[in-house]
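Chains as they are written, first to last, in our numbering: chain C, 61 to 348; chain R, 274 to 436.
Simulated from the structure, these hints should not be mistaken for lab results. All residues carry an ideal CB built from backbone N, CA and C; glycine is no exception.
Capping the alpha-carbon separation at 25 angstroms, the derived lysine to aspartate or glutamate pairs in DMTMM-like fashion look like this:
1. R:Lys-299 / C:Asp-86
2. C:Lys-62 / C:Glu-84
3. R:Lys-299 / C:Asp-112
4. C:Lys-62 / R:Asp-308
Calculated from the model, a selection of chain R residues having no Cβ within reach of chain C, i.e. all distances over 12 angstroms:
5. Gln-377
6. Tyr-380
7. Ala-432
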Amino acid sequence: MKPAPFTYHAPTTIEQALGLLASEPDARVLAGGQSLVPRMRLRVEKPATIIDINRVVGLDGISVDAGAVTVGALVRQQTLVTHDGVAAVHPLLREAGSYAGFHTTRHRGTVGGSIAFAAPWAELAATTTLLGATITVRSTKAQRTFAASDFFLGPNQTALAADELVTEVQFPPAPAGTGFGFHEASPRYRDYATAAAAASITIADGVCSSAALVLLRAAPAPLSIDVASMLVGRVVDDAAIEDVVQSLAGLDPPTDIEASGAHRRRLAVTLTRRALADAWVNAQEAVA
Amino acid sequence: MSTIENQLVTVTVNGRTYERAVEPRKALSDFLREDLELTGTHVACEHGFCGVCNILLDGQTVRSCLLFAVQVDGASIETVESLAAPDGTLNALQQAFNDNAGLQCGYCTPGMLMTAKEYLDANPDGGTDDQIREAISGVLCRCTGYQQIVESIRAAASAGKGA
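Just chain C, with the same shape it has in the complex (with noise of 0.2 angstroms):
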């Protein structure tokens, strides 16, 4: 279907974008646009005015710092998945970014419309979730930024005032020694995820010094698992793994047209065991 229509802005500057959704009553910012234009051309949204931020300068940096990583909104998820300089420090965001629809989607897809979107699928959600990423949101009247553990409150749900706009992503250095998995159950290759898991393990003298694993789909917004207190001071083997099995059996995910909650569950656990034991392995890797 065609979209409705709308007007059309294309500011240059952050202030003038923050002024034009602070005035327009019915904006919706347009960014990558894949996810915002097929809803719009179903008609799930029908906008009165877009403000296209693909022309803003200044929202489209990437830096590396003693292991931080600071990611633009406007930076293409395929330009993160690509950058050299963030894999070496959090290879977890080209593992699990590289699973956001396809490259050519990427090409388009911003970091900052994905985490502002959060689609029930969106593997960034989960991605800045796990690494403990600050999202940094403005608005005419102020900034704010949000750990994103705040940040996702339900599918399409944000923390995200309907004046305000994701300007920045920050991803703290991972510890010495850490190592992640990512794994994603899906209904035909690179489609979006039925389910998925991602985890990050710390290693010091042998045993797990810090853990987490993060669930998408297994609850309305990325659910976060408190692994460490049962994987610290051990290593993290079947047994240990089994134990955090053992902890799902009260995952309540939600039934939808694509799976019921009961596979999802079943997918959950499954992809814990191969997240964990990838994080695992690869944090051994990281202290060799």
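Assemble chain R onto chain C, guided by the hints.
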């Protein structure tokens, strides 16, 4: 019904510069087909799933149905019409699709060709079949089962020039 004004767009397509006034909601795919009468770019799902409308925007594949024409002001675009010679002679990539039955109904072919061109420009030796399959994974074909398309792309690489 709409009181929204058309906007002027200047864009270079296949080396020729066009200037047109368009409604903001007009998709780039429709702009190419209707306003520029370049009907080689096909539209199928029209919401980003199928990849049939893939074109090269400033050298990178994009879904032309997910861009609005007003967004490409000042950009350079290549469509499937850029591949063959002016007299209609197929280029090596098109010839390989022809020789290896890389198409049946032909609906996905423009998207496949532009995606394959991008891949072969970056991987002139053709790479592995897995790499080829990854490269074309975002374009749906409902006829061939993909095997002949993979063979076509490999043949184009072997012919020494992808596109």
